[in-house]
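Visitor: This is what each chain is made of:
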Amino acid sequence: MEIQDEIELIKQLCSEKHKHIAFSKLVEIFKEKLYWHIRYILKSHEDTDDVLQNTFIKVYKNIDDFKGDSRLYTWMYRIARNESITFLNNRAKRLKITNEELQEQVLNNLESDVYFEADEIKLKLQKAISSLPEKQREVFQLRYFEEMKYQEMSELLQTSESALKSNYHHASKKVEEYLKKN
Amino acid sequence: MIETKNISKLSGYRLPEDYLDNFNVENIGHDNSQSGGFKVPESYFESFTVTPPKPSKIVYLYNYKSIAVAAVLIVISCTMLINLISLHKTNESLDFSKIDKEQLYDYIEDELYLDHDLYINNADKPSPSSTPNFSEDDVLDYLDDSSIEQLIDY
Numbered sequence: 001m002e003i004q005d006e007i008e009l010i011k012q013l014c015s016e017k018h019k020h021i022a023f024s025k026l027v028e029i030f031k032e033k034l035y036w037h038i039r040y041i042l043k044s045h046e047d048t049d050d051v052l053q054n055t056f057i058k059v060y061k062n063i064d065d066f067k068g069d070s071r072l073y074t075w076m077y078r079i080a081r082n083e084s085i086t087f088l089n090n091r092a093k094r095l096k097i098t099n100e101e102l103q104e105q106v107l108n109n110l111e112s113d114v115y116f117e118a119d120e121i122k123l124k125l126q127k128a129i130s131s132l133p134e135k136q137r138e139v140f141q142l143r144y145f146e147e148m149k150y151q152e153m154s155e156l157l158q159t160s161e162s163a164l165k166s167n168y169h170h171a172s173k174k175v176e177e178y179l180k181k182n
Numbered sequence: 001m002i003e004t005k006n007i008s009k010l011s012g013y014r015l016p017e018d019y020l021d022n023f024n025v026e027n028i029g030h031d032n033s034q035s036g037g038f039k040v041p042e043s044y045f046e047s048f049t050v051t052p053p054k055p056s057k058i059v060y061l062y063n064y065k066s067i068a069v070a071a072v073l074i075v076i077s078c079t080m081l082i083n084l085i086s087l088h089k090t091n092e093s094l095d096f097s098k099i100d101k102e103q104l105y106d107y108i109e110d111e112l113y114l115d116h117d118l119y120i121n122n123a124d125k126p127s128p129s130s131t132p133n134f135s136e137d138d139v140l141d142y143l144d145d146s147s148i149e150q151l152i153d154y
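Keeping their order, the protein sequence lines are chains A and B.
So the first sequence is residues 1 to 182, counted in my numbering.
So the second sequence is residues 1 to 154, counted in my numbering.
These are calculated hints, taken from the structure and not from any lab test.
A portion of the hints provided could be inaccurate.
Claimed, not checked - Some, not all, of what chain A presents toward chain B, calculated at C-beta under 7 Å:
#: 1; residue: F23
#: 2; residue: V27
#: 3; residue: E32
#: 4; residue: R39
#: 5; residue: F56
#: 6; residue: F116
#: 7; residue: E117
#: 8; residue: D119
#: 9; residue: K122
What the hints assert, rightly or not - Derived lysine-lysine pairs resembling PhoX-like cross-links, with alpha carbons at most 25 Å apart:
#: 10; chain 1: A; residue 1: K174; chain 2: A; residue 2: K127
#: 11; chain 1: A; residue 1: K61; chain 2: B; residue 2: K54
#: 12; chain 1: B; residue 1: K54; chain 2: A; residue 2: K17
#: 13; chain 1: A; residue 1: K127; chain 2: B; residue 2: K39
#: 14; chain 1: B; residue 1: K54; chain 2: A; residue 2: K19
#: 15; chain 1: A; residue 1: K11; chain 2: B; residue 2: K54
#: 16; chain 1: B; residue 1: K54; chain 2: A; residue 2: K58
#: 17; chain 1: B; residue 1: K39; chain 2: A; residue 2: K33
#: 18; chain 1: A; residue 1: K135; chain 2: A; residue 2: K93
#: 19; chain 1: A; residue 1: K135; chain 2: A; residue 2: K174
#: 20; chain 1: B; residue 1: K54; chain 2: A; residue 2: K25
#: 21; chain 1: A; residue 1: K58; chain 2: A; residue 2: K19
#: 22; chain 1: A; residue 1: K19; chain 2: A; residue 2: K31
#: 23; chain 1: A; residue 1: K61; chain 2: B; residue 2: K65
#: 24; chain 1: A; residue 1: K67; chain 2: B; residue 2: K54
#: 25; chain 1: A; residue 1: K124; chain 2: B; residue 2: K39
#: 26; chain 1: A; residue 1: K149; chain 2: B; residue 2: K39
#: 27; chain 1: B; residue 1: K65; chain 2: A; residue 2: K58
#: 28; chain 1: B; residue 1: K39; chain 2: A; residue 2: K31
#: 29; chain 1: B; residue 1: K54; chain 2: A; residue 2: K31
#: 30; chain 1: A; residue 1: K67; chain 2: B; residue 2: K65
#: 31; chain 1: A; residue 1: K135; chain 2: A; residue 2: K181
#: 32; chain 1: A; residue 1: K122; chain 2: B; residue 2: K39
Unchecked claim - What follows is a set of in silico ranges between Cβ atoms, one per label pair, in the way DEER data are often shown:
#: 33; chain 1: B; residue 1: F45; chain 2: A; residue 2: S70; range: 21 to 29 Å
#: 34; chain 1: B; residue 1: A70; chain 2: A; residue 2: I21; range: 34 to 42 Å
#: 35; chain 1: B; residue 1: L87; chain 2: A; residue 2: N82; range: 48 to 56 Å
#: 36; chain 1: B; residue 1: P55; chain 2: A; residue 2: H169; range: 44 to 52 Å
#: 37; chain 1: B; residue 1: E46; chain 2: A; residue 2: C14; range: 24 to 32 Å
#: 38; chain 1: A; residue 1: N82; chain 2: B; residue 2: L73; range: 34 to 42 Å
Glycine is no exception: its CB is placed at the ideal position from the N, C-alpha and C atoms.
Isolated chain B, as found in the complex:
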């Protein structure tokens, strides 16, 4: 038997030991008549516990966020690359009218080792068939004696 602080000692009332600690009101839970007939196993709520899940130690290398970011970056870089190529192509489109004639001559001469005079100015020069007729004396004057002998031998 114990005395409690809440009751005057003069009253003479005393309580059984641990009475208040063990006190509970029976059937104070959900009223079954109002629960539509549903019942709960005995002391279900008293023993009900939820074990919180432990944080996962797995590190996902490819989570959705990084995949999405990577996809966006790839799309952007591909678009930029395509634009760059198309821009480059339009710049490089050949327009012969803009080429300087002098440069063209230089190129042909340097790269193809051709004498441009032979090919390009040929049109302006008289054809071999139209060369002026040399007189026989001029030819003989031009050729020295040894050359004439060689010709005769042939």
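Isolated chain A (complex conformation):
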């Protein structure tokens, strides 16, 4: 989406008259990208669907507060990421388990998930990714699955590009080692 189109869309979203139509347009443009962004964090389709809905509603409610300091999609990605992390933290708290234990539980559920290809290699890959430290896991998913550019990633995670490259390098090595060992 070009910057000019983005500015126009934001203007429409902020006007009471065009808000509804502009919002439908926004959902059309970003639903798939945001879905995958959330899905890689949460892994379950049902949870992703819930969080995606919440993300869009939050965007709708807070669009007036968007100051234009970053690109619109970066701002939306940030909301999606925060919503996903909050969702996981709340679930862990409700189940009275740690986040690591929750990750393990999610991976175990993945084997019987109808919306996951029960492929041994893919399951192994997910396990390898889950074994990574939080930051490396995030960078690996953004780069490997979402093919996000380092520049965009830097804006989203507020980290320098060189640090992100280093994170990705280390993550890749660890995933490779995990797959070789197991």
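Here the structure of chain A is known, so what remains is to put chain B in place on it, guided by the hints.
Guide: Frame of chain A, contents of chain B only:
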């Protein structure tokens, strides 16, 4: 069968009706091999909609902003009141040395209905015990006859 504007009529090629309207490329969405095995229910994205929340009709009488403003105003007015009272108190502190003697006499006289001469100037006056002795003749001169008779009767 339809003819399209984009193809020369001379070519002879024609398209089935609504072919271009219904045209879509299968599997053009996210490649599952790259999605790490995650799948999405069929036509999930096509049917995905978000219903924007309707604006609430509830008017909150006590929102946080007004409570905060009210609290600040209360604190300010309380501080001002305390300062005012303490200032007033210091002004009113009694200092007898500053009171004018004349005013004090006037006050005692007016408010307590006392003759200040009796009390205040008493010190300067001779005590009754120290009054000069009158002679018997002076007393008799002073008293008239009737008075003397009355005294004798007693």
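Visitor: So, for every hint listed, does it hold in this structure?
Guide: Structure-based check of each hint:
no.	hint	verdict
1	F23	6 Å, holds
2	V27	5 Å, holds
3	E32	5 Å, holds
4	R39	6 Å, holds
5	F56	4 Å, holds
6	F116	5 Å, holds
7	E117	4 Å, holds
8	D119	6 Å, holds
9	K122	3 Å, holds
10	A:K174 x A:K127	12 Å, holds
11	A:K61 x B:K54	10 Å, holds
12	B:K54 x A:K17	14 Å, holds
13	A:K127 x B:K39	17 Å, holds
14	B:K54 x A:K19	12 Å, holds
15	A:K11 x B:K54	20 Å, holds
16	B:K54 x A:K58	13 Å, holds
17	B:K39 x A:K33	14 Å, holds
18	A:K135 x A:K93	21 Å, holds
19	A:K135 x A:K174	13 Å, holds
20	B:K54 x A:K25	18 Å, holds
21	A:K58 x A:K19	14 Å, holds
22	A:K19 x A:K31	17 Å, holds
23	A:K61 x B:K65	19 Å, holds
24	A:K67 x B:K54	23 Å, holds
25	A:K124 x B:K39	16 Å, holds
26	A:K149 x B:K39	24 Å, holds
27	B:K65 x A:K58	22 Å, holds
28	B:K39 x A:K31	15 Å, holds
29	B:K54 x A:K31	21 Å, holds
30	A:K67 x B:K65	22 Å, holds
31	A:K135 x A:K181	23 Å, holds
32	A:K122 x B:K39	12 Å, holds
33	B:F45 x A:S70: 21 to 29 Å	25 Å, holds
34	B:A70 x A:I21: 34 to 42 Å	41 Å, holds
35	B:L87 x A:N82: 48 to 56 Å	53 Å, holds
36	B:P55 x A:H169: 44 to 52 Å	49 Å, holds
37	B:E46 x A:C14: 24 to 32 Å	28 Å, holds
38	A:N82 x B:L73: 34 to 42 Å	36 Å, holds
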